Amino acid sequence: MSSIATADAQNGAAAPAVSTSDDYRASEHIVRVRGVKRVYKIGEVLVHALRGIDLDIKRGEFMAIMGPSGSGKSTLFNMVGGLDKPTDGTVFIDEVDIAQLDAGELAWLRCRKIGYIFQTFNLIPVMTALENVTLPMIFAGASVDEQMEKGKRLLETVGLGDRLYNKPGQLSGGQQQRVAIARALANDPAIILADEPTGNLDQKVGEEIIQMLKRLNKESGVTIITATHDDKMYKRADRVSIVIDGEIQAVVPPEQLGDNTVDGFLAQLKEEKDAAAIKDLETAAEVTATNAAITGEG
Amino acid sequence: MAAMNSGTARVERQISLPFKQAFRIALRNITIRVGRAMITGAGTMLGIAFLMSVFASNLMLAAKGAEPSPAQAQKAAWLVAMSLLVSFVGITNSMLMSVTERYKEIGTFKCLGALDNFIVKMFLIESGLLGFFGSLIGSIIGLLFVIVTNLAFVGAFNWALAVLYMLACIVLGTILSVGAALPPAIRAAKMQAVDAMRTEV
Chain A
1 MSSIATADAQ NGAAAPAVST SDDYRASEHI VRVRGVKRVY KIGEVLVHAL RGIDLDIKRG
61 EFMAIMGPSG SGKSTLFNMV GGLDKPTDGT VFIDEVDIAQ LDAGELAWLR CRKIGYIFQT
121 FNLIPVMTAL ENVTLPMIFA GASVDEQMEK GKRLLETVGL GDRLYNKPGQ LSGGQQQRVA
181 IARALANDPA IILADEPTGN LDQKVGEEII QMLKRLNKES GVTIITATHD DKMYKRADRV
241 SIVIDGEIQA VVPPEQLGDN TVDGFLAQLK EEKDAAAIKD LETAAEVTAT NAAITGEG
Chain B
1001 MAAMNSGTAR VERQISLPFK QAFRIALRNI TIRVGRAMIT GAGTMLGIAF LMSVFASNLM
1061 LAAKGAEPSP AQAQKAAWLV AMSLLVSFVG ITNSMLMSVT ERYKEIGTFK CLGALDNFIV
1121 KMFLIESGLL GFFGSLIGSI IGLLFVIVTN LAFVGAFNWA LAVLYMLACI VLGTILSVGA
1181 ALPPAIRAAK MQAVDAMRTE V
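Chains A and B are the protein sequences, given in the same order. The working numbering applies: residue 1 is where the first sequence begins, and numbers increase by one. The working numbering applies: residue 1001 is where the second sequence begins, and numbers increase by one.
Don't read these hints as lab results, they were simulated from the structure. None of the values given here were measured: they were computed from a predicted structure. Any given hint might turn out to be false.
Straight-line C-alpha distance at most 30 Å; calculated DSSO-like pairs for lysine-lysine [claimed, not checked]: (1) K37(A) <-> K1020(B); (2) K167(A) <-> K1020(B); (3) K214(A) <-> K235(A).
Quick look at which bits of chain B chain A covers, simulated, 3 or more residues with Cβ under 8 Å [as the list claims (entries may be wrong)]: (4) 1066-1074; (5) 1148-1160.
Just so you know, even glycine gets a beta-carbon here, dropped at the ideal spot from N, CA and C.
Taking the hints into account, I'd like the entire structure generated from these sequences.
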């Protein structure tokens, strides 16, 4: 309970402090999210996926974003990756407001600055591992020799030096995800965005993928942002952001979550939130009771 | 090292790949899914083979020296119209499918830094190649069919006009293929990358 109180206090205190010291912190943060809202319209219903997110991610940081499914973490993710545009608010990547970029600049950003890793790997099924890895280099305009040399080197780095010419269908899930990691690294990005990278993998293989990401983070200083459900994943992160109902509830170092599982921590947070809302509920209950009495008489 | 390089807070514009590169990738796209490409191309081929055989058999009728009655001429025109319709529907359908089934891939391409116009260019070249070779083979098959079944009258056959019809068939087949692939390709290229990736076909 005490840890949550601290988390909330931190969160509450951080919000005004950051906005006053933006200039001072500018170069330290590679990603800054300010007041981002995203509203989807499904039929006639408006769905508020994000309700005003503020988040800073430091250069070289390993940030885990956690939350139950439907909490908006994937939406937040797509915003940071420039894959989707916010309804309101701004996302800065390296101090550039990505909403201001035209299609060509956005493509450059996706190609050079950001590497994407997906839960479902999203490799091109008809291409070999090597072709999948060299694809972003083609878009970056690299020569064929460069592509081959670097593609092979990257696949060796992820331990697939002997699987260059295998197609995704001939590789296991873990191997496919490693191809995806190599592909994400193709143009030396500053940020790697990994959306539940271990979600489709078994425990042991997932652990390998996490270790690989952590190693990359330490060795090359690439910023890693990952949405995850995985307990092992968040424990390796530098900081953990907890997203519920489209809002960031807390940004804490993983130690603060202690031995609590993700679900346990989320449940505790929710309990606290509910407790705070009980007074409202009680008032509401009184009103309902009165209403019921009136209706009963009528 | 990656993070070091990106110290500058600057965004450049993605380079537009030259036509040669796009052609190379489009050709590769066809060769790596050769089976699927054959089926798509076969749609064009069959339509054009039908159209060409109708043209050729009209020529063959003339070669036989038979003056067509008004009823026969009407029937011939009807057949040409039908075969045009078959070509149109067949080609449009197979091209539409071949693009829509790759929406997810298009989304991935966009995530990796492909420009919208590159994606359109790529599908244009792919469908153009499939359309051209499909209608080339189709028109040869259509012509051969009529020739082989009417070998006795080949002597008086108007070859010059047949070649002209063949060229028309090839041009028509290629245009129809590209025209059918273009709208879904543009739609896919303009989609947000996430939406394209989420598409299930």
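Please write out, lowest number first, the hints stated earlier that are contradicted by the structure. The structure breaks hints 1, 4 and 5; every other hint is satisfied.
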